[in-house]
Amino acid sequence: DVKVTQSSRYLVKRTGEKVFLECVQDMDHENMFWYRQDPGLGLRLIYFSYDVKMKEKGDIPEGYSVSREKKERFSLILESASTNQTSMYLCASSLWNVGSGNTIYFGEGSWLTVV
Amino acid sequence: SQQGEEDPQALSIQEGENATMNCSYKTSINNLQWYRQNSGRGLVHLILIRSNEREKHSGRLRVTLDTSKKSSSLLITASRAADTASYFCATDKRGGGGNKLTFGTGTQLKVEL
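First to last, the protein sequences are chains A and B. If you're matching positions, the first sequence starts at 2 in our numbering and goes up one per residue. If you're matching positions, the second sequence starts at 2 in our numbering and goes up one per residue.
Bound-form chain A, shown alone (with noise of 0.2 Å):
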């Protein structure tokens, strides 16, 4: 069965502290996300990696990094975290290419509250 599990489901974090989000799936599969969900604004891009070590600037990546030393795991750093990233992180992957048809397999998602 398909899974992407997200360390961490609640945090709270003061603002200018480095925060780690780690996601990991078991499904070998290629692409990795990570979106930020808030209301009225649905889910919003931040960073993807179609491979290990390999990355993109999704919609919204200013405040973010991303780490994808492994192909099963996908980091997402904020290297000084401020109130305004208070929101949920939904991780997600894919085996293939999502403009063939692929499907994203989403986490549970990761509560911030930055402080």
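The hints are simulated quantities; they were obtained by calculation from the structure and are not laboratory data. Cβ atoms here follow ideal geometry from the backbone N, Cα and C, with glycine treated the same way. Keep in mind that a hint or two might mislead.
[Stated by the list, open to error] Label-pair ranges, simulated between beta-carbon atoms:
#: 1; chain 1: B; residue 1: Asn-19; chain 2: A; residue 2: Glu-109; range: 41 to 51 Å
#: 2; chain 1: B; residue 1: Ala-11; chain 2: A; residue 2: Ile-78; range: 16 to 26 Å
#: 3; chain 1: A; residue 1: Arg-10; chain 2: B; residue 2: Lys-70; range: 33 to 43 Å
[Claimed, not checked] Covered stretches of chain A, going by a simulated chain B footprint (3 or more residues, C-beta under 8 Å):
#: 4; stretch: 37-43
#: 5; stretch: 46-53
#: 6; stretch: 101-110
[What the hints assert, rightly or not] Here are the simulated BS3-like cross-link-like pairs (lysine-lysine), alpha carbons at most 30 Å apart as the crow flies:
#: 7; chain 1: A; residue 1: Lys-58; chain 2: A; residue 2: Lys-19
#: 8; chain 1: B; residue 1: Lys-57; chain 2: A; residue 2: Lys-4
#: 9; chain 1: B; residue 1: Lys-71; chain 2: A; residue 2: Lys-54
#: 10; chain 1: A; residue 1: Lys-54; chain 2: A; residue 2: Lys-71
#: 11; chain 1: B; residue 1: Lys-111; chain 2: A; residue 2: Lys-58
#: 12; chain 1: B; residue 1: Lys-70; chain 2: A; residue 2: Lys-56
#: 13; chain 1: B; residue 1: Lys-94; chain 2: A; residue 2: Lys-72
#: 14; chain 1: B; residue 1: Lys-111; chain 2: B; residue 2: Lys-70
#: 15; chain 1: B; residue 1: Lys-27; chain 2: B; residue 2: Lys-57
#: 16; chain 1: B; residue 1: Lys-101; chain 2: A; residue 2: Lys-71
#: 17; chain 1: B; residue 1: Lys-101; chain 2: A; residue 2: Lys-54
#: 18; chain 1: A; residue 1: Lys-4; chain 2: A; residue 2: Lys-54
#: 19; chain 1: B; residue 1: Lys-101; chain 2: A; residue 2: Lys-58
#: 20; chain 1: A; residue 1: Lys-56; chain 2: B; residue 2: Lys-94
#: 21; chain 1: A; residue 1: Lys-71; chain 2: B; residue 2: Lys-94
#: 22; chain 1: A; residue 1: Lys-56; chain 2: A; residue 2: Lys-4
#: 23; chain 1: A; residue 1: Lys-58; chain 2: B; residue 2: Lys-71
#: 24; chain 1: A; residue 1: Lys-4; chain 2: B; residue 2: Lys-111
#: 25; chain 1: A; residue 1: Lys-56; chain 2: B; residue 2: Lys-57
#: 26; chain 1: B; residue 1: Lys-101; chain 2: A; residue 2: Lys-4
#: 27; chain 1: A; residue 1: Lys-58; chain 2: B; residue 2: Lys-27
#: 28; chain 1: A; residue 1: Lys-19; chain 2: B; residue 2: Lys-101
#: 29; chain 1: A; residue 1: Lys-54; chain 2: A; residue 2: Lys-14
#: 30; chain 1: B; residue 1: Lys-71; chain 2: B; residue 2: Lys-101
#: 31; chain 1: B; residue 1: Lys-101; chain 2: A; residue 2: Lys-72
#: 32; chain 1: B; residue 1: Lys-101; chain 2: B; residue 2: Lys-27
#: 33; chain 1: B; residue 1: Lys-27; chain 2: B; residue 2: Lys-71
#: 34; chain 1: A; residue 1: Lys-4; chain 2: B; residue 2: Lys-94
Please build the complex by placing chain B on the supplied structure of chain A, with the hints as guidance.
Just chain B now, kept in the frame of chain A:
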């Protein structure tokens, strides 16, 4: 700006009724997908329709796609309380950025007993 916009933003119906949600998008697409999200959880894929298809069925779900109007609709027939969730359409842009799925803002469906 959002590629997909769902309408209505919220919908409340009685169990047994049909629920229809609409999605509009702005650019040409390869595929359109619908996802469901239970409160506080991740999204789950429901159905995919390709740009050369006009209608697709899966169980109680029926999806239509009108590429000339850049719109899609999701119909849930004989709704159940367990269908209460948010529903999102997602599109990929034709001709590039094929690894990106852009999501709309979602329709919140509430099915009451």
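Hints and how they fare:
no.	hint	result
1	Asn-19/B / Glu-109/A: 41 to 51 Å	violated, 30 Å
2	Ala-11/B / Ile-78/A: 16 to 26 Å	violated, 35 Å
3	Arg-10/A / Lys-70/B: 33 to 43 Å	holds, 40 Å
4	37-43	holds (count 3)
5	46-53	holds (count 3)
6	101-110	holds (count 9)
7	Lys-58/A / Lys-19/A	holds, 20 Å
8	Lys-57/B / Lys-4/A	holds, 27 Å
9	Lys-71/B / Lys-54/A	violated, 36 Å
10	Lys-54/A / Lys-71/A	holds, 8 Å
11	Lys-111/B / Lys-58/A	violated, 35 Å
12	Lys-70/B / Lys-56/A	violated, 34 Å
13	Lys-94/B / Lys-72/A	holds, 25 Å
14	Lys-111/B / Lys-70/B	holds, 28 Å
15	Lys-27/B / Lys-57/B	holds, 21 Å
16	Lys-101/B / Lys-71/A	holds, 21 Å
17	Lys-101/B / Lys-54/A	holds, 18 Å
18	Lys-4/A / Lys-54/A	holds, 21 Å
19	Lys-101/B / Lys-58/A	holds, 10 Å
20	Lys-56/A / Lys-94/B	holds, 19 Å
21	Lys-71/A / Lys-94/B	holds, 28 Å
22	Lys-56/A / Lys-4/A	holds, 21 Å
23	Lys-58/A / Lys-71/B	holds, 26 Å
24	Lys-4/A / Lys-111/B	holds, 27 Å
25	Lys-56/A / Lys-57/B	violated, 34 Å
26	Lys-101/B / Lys-4/A	holds, 20 Å
27	Lys-58/A / Lys-27/B	holds, 21 Å
28	Lys-19/A / Lys-101/B	holds, 27 Å
29	Lys-54/A / Lys-14/A	holds, 27 Å
30	Lys-71/B / Lys-101/B	holds, 18 Å
31	Lys-101/B / Lys-72/A	holds, 18 Å
32	Lys-101/B / Lys-27/B	holds, 15 Å
33	Lys-27/B / Lys-71/B	holds, 7 Å
34	Lys-4/A / Lys-94/B	holds, 26 Å
The structure is inconsistent with the numbered hints 1, 2, 9, 11, 12, 25, although it conforms to all the rest.
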